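> These protein sequences, in sequence, are chains L and G.
As numbered in the working numbering, residues 4 to 313 make up the first sequence, in order.
As numbered in the working numbering, residues 32 to 313 make up the second sequence, in order.
Calculated directly from the structure, the hints in this document are not laboratory data.
Note that this is a predicted model, so its numbers are computed, not measured.
Cβ atoms here follow ideal geometry from the backbone N, Cα and C, with glycine treated the same way.
Just so you know, not all the hints are guaranteed correct.
If you anchor each label on the Cβ, the simulated ranges turn out as follows [said to hold, decoys possible]:
| no. | chain 1 | residue 1 | chain 2 | residue 2 | range |
| --- | --- | --- | --- | --- | --- |
| 1 | L | 277 | G | 132 | 29 to 37 Å |
| 2 | G | 124 | L | 185 | 41 to 49 Å |
| 3 | G | 222 | L | 274 | 48 to 56 Å |
| 4 | L | 115 | G | 270 | 22 to 30 Å |
| 5 | L | 90 | G | 64 | 51 to 59 Å |
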Amino acid sequence: MATDHELRLRERLSRLRNVNLLGGARVSAELEKLERQLARIAEEATDEDIWQSVELARHEDRPYTLDYVERLLEDWVELHGDRVRADDHAVVAGLGRFDGRTIALVGHQKGRDIKDRIDRNFGSAHPEGYRKAMRLMKLADRHGFPLVTLVDTPGAYPGVAAEQHGQGGTLARSHELMARLEIPTVACIIGEGGSGGASAIALADRVLMQENAIYSVISPEGCAAILWRDAGEAKKAAAAFRPDALHCLELGVVDSIVPEPNGGAHTDADEAARLLGAALHGALDELEAVPSDELKRRRRARFRSLGVFA
Amino acid sequence: MSSSRIDVSIEHRGTPEPLGEKHPNTCPQCESHYRDDELNANLWVCPHCGHHFPMKARARIASLVDEGTFAEEAADVRSEDPLHFFDLRPYGERLAEAELKTGLGEAMVIGNAEIETTPCELAVMDFSFMGGSMGSAVGEKFSRACDSAAERGVTLVAVTASGGARMQEGILSLMQLPKTVCAVEDLKDAGGALITVMAHPTTAGVLASFASLGDVVIAEPNALMSFAGPRVVQQTTREKLPDDFGLSDSNYRLGHLDAVVRRPEIKPYVARLLRLFSKNGD
C-alpha cells in the first residue's frame, strides 16, 4: 500500500516537472523555492491534506482580489454597475496599470468582517455581477487591454431573484464572451473556484491556480449532500473529487501552479502578491507576442481538448 | 390541473432510486395511467391533461425527424472514470447500470437528419441516463455535433434535459461548460446556427453553458430551467419560492425564452426555423 502510494506520487512528480510552472518567466530565480514547493506538494497528497487545501482556500485571512489589486496595480480605478440594474459587490472590476501596461481586472470579492461579508454576499455573485464583468471584458477587448481575472467564489448565488434575472443564461454568456475575446487573457484561481460561477470568468488563454486554491464542479458539502446524502461527509467528497491544484494541473485544467508563502497565502499577503504578480507577468509577456486571432483559436482549442473519454 | 408541479428529483441525480413512489407512466398531474404504447403514440404527452412526460432520446429523435433520415454519429464515445470515483457505489458501476437501463452509451445522442426535408444536425439529451448529466463524453459528443453541423453548413438542433455537470468526473465535468461553449462559438463563427429546445429539466451546468447560447431558445411547457434547483435555493435563502419558480412559463415571461412550445408543435416550429436559417433554400 505504502509503495503503491509512493509510486503514484513519483509518477505525479515526474509529470509535474515537465510542465511549465510559472509560464516560462522568472523560473530560474524561483527554482530552488519551487523545488521545495514540489517536495511539499508531493508529500501533500493524502486525503487529510486535500482537506487542508480546502480549509486554506477558505481561510478567513486569505488575501482577496482587492488585496492583490492594492499590491500589484497602480492607478487602479474601480468601475461599478452592470448598466442594467445594479452594482454587485461580489464582483470587482476595473482598470489599472500592471508592469507599465493598462490592464482590465475582474475578480470575485469576499468580505473580511461580518458586515463586509454580507455586503459582498460571501463572494457569490448575482447575474448583475457577471454582467459587470462582461462590461469590462468588452471594454478591454475594444481597447486592446489584456484581461486578468481572479476567481474566488463558492459559486454563483442560488437565489430567487438571481434565477429570475437569468443566472444560468448570464453565466453561459460570460463563458461565450471570453471565448470571443481577442485580447490576452489570464485567469488565476486564488481561493475557491466554485462551479459555473468560477469557470464563467476563467475561460482564459492561461489558467493559473494558487497552490492552496481549490477548483471544483461543486462544493465538497454539496457533493456530499447529494451523493452521500450527508453534508457532513464533505471530507470524503473532497478526497473523491480532489479539488486541489496539483490534481487540476495533472488534468490540464490549469496551466501552472502559483506558489504561496510557506503556510499559505494568508501568512504573508505581500509575498503572495509578489508571487502572483510574477506569474501574471510571465503569462502576459508570453501571450502578448501572439496575434489576436491566434490567441482566440488556441484558447478554444485548449478548452475543447479537456475531458477524458473512450 | 393548473397548479404546476415542481419536480425536485434533479437534486438526486445519479442516486440509485429516486423518490418515485409513483409508476413512471402515471401522470403526476391528473393521475391517469397509461401503457407505454399509448404514451408513445401521443408523444409522451398525457392525453387527458397535457402533462409532458420525460421523453427518451430515441423517442425524441423519432418525434422530430423525417422517418428514416437519422444517421447517428459518435455512437462509440463512452465515459471513462478518470478519478476512480467512488461514492456509495463506483462510478463505473453506475455507468454500466445506466447503459443497461437506457440502451444508450451516454446521456446524449448526436447525428444528422432531415426535418421536413431540411437537413440538420441533432444533439439530444436523455434524462434517464444518470440524470442527463454532462461529463466528458457528453461534452465531446456535443462538440462533435457542432463540428459536424459546421462542416455540412446546417443548423444544429439541441434538445436538452439535464441535471447539470456530472459530479463523478469532478473538475473535468465543470470543464465541459467552457468546452461546449467554445464548440458553439466555432460553429457560430463558421456561419452556423444553434436552436435549443429545453425539455424538463434543463438546469445548472447545461443551462449555464451551451443550452442558453441558442440563436433561438424554446422550451416545453412546465420544464424546469434554473441554474440552482428549487431545493438548493430554498435551503440557501430560506425564501418562499414562487409556485412557478424556474418553470418555462415564468422564464418566458421574464424574457429568457423565445417561446414555450407544446411537444406536438415542436417539429413544425423547428422546421420553420431550419428553413429560415438555411442558406439559399437548400
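> Note whether the CB distance of residue 115 of chain L and residue 270 of chain G lies within 22 to 30 Å or breaks it.
26 Å, holds
> Does the hinted range 48 to 56 Å hold for residue 222 of chain G and residue 274 of chain L at CB?
Hint holds: Cβ distance 50 Å, inside 48 to 56 Å.
> Could you check the hint for me, namely that residue 124 of chain G and residue 185 of chain L are 41 to 49 Å apart, CB to CB?
46 Å, holds
> Range first: 51 to 59 Å. Now tell me if the beta carbons of residue 90 of chain L and residue 64 of chain G are that far apart.
53 Å, holds
> Is the distance from the Cβ of residue 277 of chain L to the Cβ of residue 132 of chain G consistent with 29 to 37 Å?
54 Å, violated
Of the numbered hints listed earlier, the single one contradicted by the structure is hint 1.
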